[in-house]
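Protein chains: 2
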Amino acid sequence: MRYPVGVVLERTAGALRAAGMPPEPAATVAEVMIDADLRGHHSHGVLLLPVYLERIRQGGIDPCAEPFWIREETPVSVLDANGAAGQVAARLAAERSAAIALQAGVGVVAVRHSNHVGMLAAYRAPFERTGVVGLILNLAGTSVAPPGGQRPTMGNNAVCLVVPRGEQEAFSVDFATGAVACGKIRQAALQGTAVPEGWLLDRDGAPSTDPVQLDEGGAVPVFGGHKGLALSLMIEILAGAIGGGVTSRGVNRQRLWPDRVMDCSQLFVGFLPSAFGIASMAPFLEELEAAVRDSYVSGPPALYFPEQYEAQARKEAERDGLRIEPEVAGVLGLC
Amino acid sequence: MRYPVGVVLERTAGALRAAGMPPEPAATVAEVMIDADLRGHHSHGVLLLPVYLERIRQGGIDPCAEPFWIREETPVSVLDANGAAGQVAARLAAERSAAIALQAGVGVVAVRHSNHVGMLAAYRAPFERTGVVGLILNLAGTSVAPPGGQRPTMGNNAVCLVVPRGEQEAFSVDFATGAVACGKIRQAALQGTAVPEGWLLDRDGAPSTDPVQLDEGGAVPVFGGHKGLALSLMIEILAGAIGGGVTSRGVNRQRLWPDRVMDCSQLFVGFLPSAFGIASMAPFLEELEAAVRDSYVSGPPALYFPEQYEAQARKEAERDGLRIEPEVAGVLGLC
Numbered sequence: 000m001r002y003p004v005g006v007v008l009e010r011t012a013g014a015l016r017a018a019g020m021p022p023e024p025a026a027t028v029a030e031v032m033i034d035a036d037l038r039g040h041h042s043h044g045v046l047l048l049p050v051y052l053e054r055i056r057q058g059g060i061d062p063c064a065e066p067f068w069i070r071e072e073t074p075v076s077v078l079d080a081n082g083a084a085g086q087v088a089a090r091l092a093a094e095r096s097a098a099i100a101l102q103a104g105v106g107v108v109a110v111r112h113s114n115h116v117g118m119l120a121a122y123r124a125p126f127e128r129t130g131v132v133g134l135i136l137n138l139a140g141t142s143v144a145p146p147g148g149q150r151p152t153m154g155n156n157a158v159c160l161v162v163p164r165g166e167q168e169a170f171s172v173d174f175a176t177g178a179v180a181c182g183k184i185r186q187a188a189l190q191g192t193a194v195p196e197g198w199l200l201d202r203d204g205a206p207s208t209d210p211v212q213l214d215e216g217g218a219v220p221v222f223g224g225h226k227g228l229a230l231s232l233m234i235e236i237l238a239g240a241i242g243g244g245v246t247s248r249g250v251n252r253q254r255l256w257p258d259r260v261m262d263c264s265q266l267f268v269g270f271l272p273s274a275f276g277i278a279s280m281a282p283f284l285e286e287l288e289a290a291v292r293d294s295y296v297s298g299p300p301a302l303y304f305p306e307q308y309e310a311q312a313r314k315e316a317e318r319d320g321l322r323i324e325p326e327v328a329g330v331l332g333l334c
Numbered sequence: 000m001r002y003p004v005g006v007v008l009e010r011t012a013g014a015l016r017a018a019g020m021p022p023e024p025a026a027t028v029a030e031v032m033i034d035a036d037l038r039g040h041h042s043h044g045v046l047l048l049p050v051y052l053e054r055i056r057q058g059g060i061d062p063c064a065e066p067f068w069i070r071e072e073t074p075v076s077v078l079d080a081n082g083a084a085g086q087v088a089a090r091l092a093a094e095r096s097a098a099i100a101l102q103a104g105v106g107v108v109a110v111r112h113s114n115h116v117g118m119l120a121a122y123r124a125p126f127e128r129t130g131v132v133g134l135i136l137n138l139a140g141t142s143v144a145p146p147g148g149q150r151p152t153m154g155n156n157a158v159c160l161v162v163p164r165g166e167q168e169a170f171s172v173d174f175a176t177g178a179v180a181c182g183k184i185r186q187a188a189l190q191g192t193a194v195p196e197g198w199l200l201d202r203d204g205a206p207s208t209d210p211v212q213l214d215e216g217g218a219v220p221v222f223g224g225h226k227g228l229a230l231s232l233m234i235e236i237l238a239g240a241i242g243g244g245v246t247s248r249g250v251n252r253q254r255l256w257p258d259r260v261m262d263c264s265q266l267f268v269g270f271l272p273s274a275f276g277i278a279s280m281a282p283f284l285e286e287l288e289a290a291v292r293d294s295y296v297s298g299p300p301a302l303y304f305p306e307q308y309e310a311q312a313r314k315e316a317e318r319d320g321l322r323i324e325p326e327v328a329g330v331l332g333l334c
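Chains A and B are the protein sequences, given in the same order.
Be aware that the first sequence starts at 0, since it is given in numbering that gives the first Met the number 0, and climbs by one per residue.
Be aware that the second sequence starts at 0, since it is given in numbering that gives the first Met the number 0, and climbs by one per residue.
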């Protein structure tokens, strides 16, 4: 069933408020989730609400906690999320990294003791407002296996770059280092459909198309072989070790430990183009799109450049409403 | 034929001095090349010397040019390489980004109007000395095709993370976004051997195993499909657009235009762990190695973690000498 975006947003915030979260953080968490749905990434959307509500009930997310600054300096600050919803801390960190960069040319904010932050590109607003380019790295709990490995000993760690371009919505690239997002596998489990080959290994390390295996000790292979492993290690080091003092094995997976703070961590780095003598990023983004487009001898495929899928999904959602799974519609009081 | 490391190093610097380069930059360029050979990456090693010498003769590299600071501030500085050898500018940038980070917690140096810089991990020394973690991004000329594309419209852009760990040599990950390094294909061309499938497309976009096709309009496919494309775009934006005001299409490929400065660019970002409350990176690196090792049910393969291959190659080179191609041995006066 589809429901108008505004209704889903308000009902989601309402469900969080009913669970004891004050209005401002509830609105933030709801906005980040609905933004993912609007961009077509339902795995990071309101589908997560039941998980978050369960974690609030069991203590993994403290709905009233307020993040606090361990170090509030320029150009490096460190935020303790204090067990609050990850979205609340991440939004603060995005704002401060952009504000520092606006002043100093570069701004870095590390976030530790945090919870699930959802889709990284959802934190683009402060970068859009300031014209600062934002690099965001997230350390996740273990779900990914290295090339040829069987056990999930690394995170499905994510990296995102937000590139403002004036009045237009910022351009972003946003991806995780697993062959696929864990949420997409769980979405398949909810819908009772098999996943494509290459997405999943079962608990014995054998290839599997049964999405239920993921949360029964299964693993997602890392993308891109040894280069994907190298990128994932970079994120473990930058977002995890430096940013949070932890690696993926120190993160409490949110479904496995609903009563514990996840202790995941993030690194936000803002770069102010004008500090490098660059007035606008828009012409470079146009050049890059042309470069990719021109590589196809017989013309590009329908979707060839990041953000095209997201723009399409948003248009559809705004026109037809958001598609909500029955389980979630029930939680939202929509059926 | 194999020659002692010290002899190759001195002969390489000597060849550059004979071409008109002063002793200090000649030593820098030679050290960076030989470091790649020592680590087993001959594609970035002394094999490049004939290309560099030709570029000096034709004006693409100005052997006497001195890079100058466009902006020399904390925490962001911008260096104009001024058409000097890329290694000279890159070493300056590495030193300054580490020095700024030591003072401010983070340090950023952009390098523009530069030439080929070789293997990024070769710039680890200033990070090792200061304990600063270094992120290095390089924008290359066009040689890579996006997923499913035929024409080389993107760079084989590289990313490297240097992680100091006390007395031990720094740990590093260092890779480019093409399925393979262009230099490895050119090495095969020199040796007259075919390259594996998946490494190369010919000028018409058809898969090829003939390494000669690379410099006749061929392309290397990007690694890792759309996620590899996303990473490569991130480097185009950070090292290229922000760092140098250019994308890969604005870079003059070094063999194609031996009379022009390449105009490639780099971004060096240093992060001081203690600014984030982290005393040492060593325990995290041990944790990461254990995480990868533990993922293999029947024990890990011989090489499973970055730097293992490089350590092995170095041991071999120091024991047996460096293997030098006959063409290069001639240039070095070694045969």
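Any given hint could be a false lead.
Which residues of chain B face chain A? A few of them, derived with a C-beta cut under 7 Å, are [unchecked claim]:
no., residue
1, 107
2, 202
3, 246
4, 290
To be clear about the criterion: a stretch of chain A counts as covered by chain B if any three or more of its residues have a C-beta under 8 Å from a C-beta of chain B, and this derived list gives those stretches [what the hints assert, rightly or not]:
no., region
5, 35 to 43
6, 54 to 64
7, 100 to 109
8, 260 to 272
Worth flagging that the hints you see were computed from the coordinates, not collected in a lab.
All values reported here derive from a predicted model rather than from experimental measurement.
The C-beta atom is built at its ideal place from N, Cα and C for all residues, glycine as well.
For each hint, the structure was consulted:
1. 107: 5 Å, holds
2. 202: With Cβ-Cβ at 10 Å, over 7 Å, it is violated.
3. 246: 5 Å, holds
4. 290: 4 Å, holds
5. 35 to 43: violated (count 0)
6. 54 to 64: Violated: only 0 residues of the region 54 to 64 of chain A have a Cβ under 8 Å from chain B.
7. 100 to 109: With 5 residues close enough to chain B, the hint holds.
8. 260 to 272: holds (count 4)
Hint compliance for this structure: hints 2, 5, 6 are not met, and every other hint is.
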